[in-house]
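Chemist: So the chains spell out like this:
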Amino acid sequence: MKLTVEKVRKNFGERTILQDVDLTIHENEFICILGHSGCGKSTLLNMVAGYIFPDEGEIKINGEKIQGPSRQRGMVFQDHALFPWCTVLENVAFGPEVQGMPKKQARETAREFLSLVGLEAYGSHYPAELSGGMKQRVGIARALASHPDILLMDEPFGALDILTRDMMQRELRRLYEKLHTTILFVTHSISEAVYLADRVVVMKHGVVAEVFEIGIQHPRSFDSPGFADMMARIERLLMEDEEEVIA
Amino acid sequence: MNEIQTTLTKTGEAAAPALQLNTVRKRKGTGLQSTMDMIKNVIPYVLFFVVWELFSQLNGRIQMFNPLFLPAPSLLVHDGWALAQTGIITDSLLASSMRIFFGFACGATVAVLLAVLMSKFSMLERWMSPFLTLVSPIPSLALLPLFIIWFGIGEFPKVLLIAWTTFVPVLVNTVEGFKSVPSTLIRSALSLGASQRQVFTRIMIPSAIPNLLIGAQISLGLSFSALIVSEMMGADSGLGYLIVDARNYFKVTNMFVAIILIGIEYSLFALLLKLLERKVLAWRRGGIGEAVEKVR
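Sequences listed follow chains A and B, in order.
Going by numbering that gives the first Met the number 0, the letters in the first sequence line up with residues 0 to 246, in that order.
Going by numbering that gives the first Met the number 0, the letters in the second sequence line up with residues 0 to 295, in that order.
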């Protein structure tokens, strides 16, 4: 699996959201895109997912141009986007089922992925009965059950409280180390990006400002050598022109 | 007399939520407590008829107005029973139920089908919307005389009127339901490998069902009015006809019997719709009932 973003530009009306964005993602990489709200990071992710298309440039997966959404690029949304009329199990079985797997077998697969995120006991519940963190676990299980080549995550933990968020970050890292799915993760939290990613792509005003190789040994924490330093470097980069604006 | 009629239909409508309350409490309370609760729920209804009975009896004595105008419930039961034995009540109920059932089913089906087509083909929606804007403000009852001229006084114009009354609210609400499907649900289905067709059957339709049912509930009230009025104009059967017939022969008790039956029939249909809604929307949680637990 190889995903390449080449000279991508996107306008919404008069406003330029992205310009000249280049990015390459290799198999099994965990990449975070970090930036202020409105920097174009979600737009980039939506283009990779195939919901919107670049005005210029190309996004290719395994050398093929992206033509629209596909099951090879799984998506996890901030608002979890679970189907409220389906039980947790039916939600996770949705992907395998629409791809033509027999119902019974799809349920079996769904059960496997539910136990992977520790929710095997909640299969018959409706999403409305779950807590925020649990909903997001189901969202991740549902995306993984389709065996995507790359998992796209759009600020998945943005709506969670801080403790749940920490727990979910550890959980995601654990899943990643187990499955080695390629992950493209969008966030505006510096610590989240430094904790999770192999590489952090910092975006500012629609361009890639800098790419940081994190290279800290896992499991990481705030006390890991280099963690605080990395956070400070990224923060300086993000804050640079904010001061210019004030001055 | 008009006031009494409205109170009557209101008690009819109130029966549905009251029943709901019973079933909710049954699950919680023990045997004795649930019987107590049931008695508590029934008291207002009993009281209503007791006051009515006493008032009518009193009026019979002191003649505040002609006692024939407001017959006592006991007399209604007596005369109602006599009427029932002639078979007129069964016939009327059957005729009215058939009309409302077919009219409602046809109207709702056509409305849902059209809503589906409108959401699939934006061309159709562009052409249909102005047409709907033109016809939807017109109360359907205004069309009845026209329907009678066009289609005569048989079953067809009545069923058509009920269908039309049902059609507009169901269509408008269902179309709105299709439009307000959250885009992330559609996106996530597509990313899970669903085809356009699967997105429609597995995402769009279940999302639109709550709106569809709201439309159906609005329609039910309106289509009952359509039923009664159409039976009052040019019919020889049905509950509406029973009222007009009773007026022609000044049988006020028969009028009351018909009015009460209308209330009961509406409550039954509303209850059926409620049960259907509860079955279809079992996944829904929340509302005031679950927002705050009451201190017992």
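Please note that a few of the clues may not be correct.
Ranges between beta-carbon positions, derived for each pair [stated by the list, open to error]:
# : chain 1 : residue 1 : chain 2 : residue 2 : range
1 : A       : GLU209    : B       : GLN195    : 36 to 42 Å
2 : A       : LYS1      : B       : MET122    : 58 to 64 Å
3 : A       : HIS124    : B       : GLN216    : 24 to 30 Å
4 : A       : ALA158    : B       : ILE38     : 28 to 34 Å
5 : B       : PHE120    : A       : GLU63     : 29 to 35 Å
6 : B       : PHE130    : A       : GLU111    : 50 to 56 Å
7 : B       : LYS278    : A       : GLU107    : 54 to 60 Å
Under the rule of at most 20 Å between Cα atoms (straight-line distance), these lysine to any residue pairs were calculated in the SDA-like manner [said to hold, decoys possible]:
#  : chain 1 : residue 1 : chain 2 : residue 2
8  : A       : LYS102    : B       : MET63
9  : A       : LYS177    : A       : LEU236
10 : B       : LYS278    : A       : GLY117
11 : A       : LYS102    : B       : LYS119
12 : B       : LYS278    : A       : PRO83
13 : A       : LYS103    : B       : LYS278
14 : B       : LYS39     : B       : PHE54
15 : B       : LYS278    : A       : SER41
16 : A       : LYS59     : A       : PRO83
17 : A       : LYS102    : B       : VAL109
18 : B       : LYS278    : A       : SER123
19 : B       : LYS278    : A       : LEU162
According to the in silico footprint, chain B covers these stretches of chain A (three or more CB under 8 Å from chain B) [said to hold, decoys possible]:
#  : segment
20 : 89 to 99
21 : 112 to 121
FYI, nobody ran anything at the bench for these hints, they're computed from the structure.
Every residue gets a Cβ at the ideal spot worked out from N, C-alpha and C, and that includes glycine.
Chemist: State for each hint whether it applies.
Modeler: To see whether the hints hold, each was checked on the structure:
1. Judged by the Cβ atoms, the range 36 to 42 Å given for GLU209/A and GLN195/B holds: they are separated by roughly 40 Å.
2. In this structure the hint that LYS1/A and MET122/B lie 58 to 64 Å apart at CB is violated, the actual value being about 42 Å.
3. The hint said 24 to 30 Å for the Cβ distance between HIS124/A and GLN216/B, and at roughly 28 Å that hint holds.
4. For the hinted restraint 28 to 34 Å between ALA158/A and ILE38/B, the CB-CB distance of approximately 47 Å leaves it violated.
5. The hint said 29 to 35 Å for the Cβ distance between PHE120/B and GLU63/A, and at roughly 31 Å that hint holds.
6. The given range of 50 to 56 Å is respected by PHE130/B and GLU111/A, whose C-beta atoms sit roughly 52 Å from each other.
7. About 28 Å separates the C-beta atoms of LYS278/B and GLU107/A, a value inconsistent with the hinted range of 54 to 60 Å.
8. Distance restraint check for LYS102/A and MET63/B: the Cα-Cα separation of roughly 73 Å exceeds the 20 Å cut-off, and the hinted pair is therefore not satisfied.
9. Taking the CA atoms of LYS177/A and LEU236/A, the gap is near 33 Å; set against the 20 Å cutoff, the hint is violated.
10. Between the alpha carbons of LYS278/B and GLY117/A the distance comes to roughly 30 Å, so the proposed pair goes past 20 Å and is violated.
11. Between the alpha carbons of LYS102/A and LYS119/B the distance comes to roughly 28 Å, so the proposed pair goes past 20 Å and is violated.
12. Annotation: proposed proximity of LYS278/B to PRO83/A holds, straight-line Cα distance about 15 Å (limit 20 Å).
13. The hinted pair formed by LYS103/A and LYS278/B fails the criterion: a straight-line CA distance of about 24 Å is larger than 20 Å.
14. In summary, the hint linking LYS39/B to PHE54/B is not supported, as the alpha carbons are separated by about 23 Å, beyond the 20 Å threshold.
15. At most 20 Å may separate the alpha-carbon atoms for a hinted pair to count; LYS278/B and SER41/A exceed this at roughly 38 Å.
16. The hinted pair formed by LYS59/A and PRO83/A fails the criterion: a straight-line CA distance of about 33 Å is larger than 20 Å.
17. Only pairs whose Cα atoms come within 20 Å are accepted, and LYS102/A paired with VAL109/B is rejected, the gap being roughly 32 Å.
18. Taken as a hint, the LYS278/B and SER123/A pair is honoured in the structure, with Cα atoms around 16 Å apart against an allowance of 20 Å.
19. Taking the CA atoms of LYS278/B and LEU162/A, the gap is about 37 Å. The hint is violated against a cut of 20 Å.
20. Coverage of the segment 89 to 99 of chain A by chain B holds [criterion: at least 3 residues with CB-CB distance below 8 Å; count 4].
21. Coverage of the segment 112 to 121 of chain A by chain B is violated. Counting CB-CB distances below 8 Å, 0 residues qualify, and the rule asks for three or more.
Violated hints, in rising order: 2, 4, 7, 8, 9, 10, 11, 13, 14, 15, 16, 17, 19 and 21; the structure is consistent with all others.
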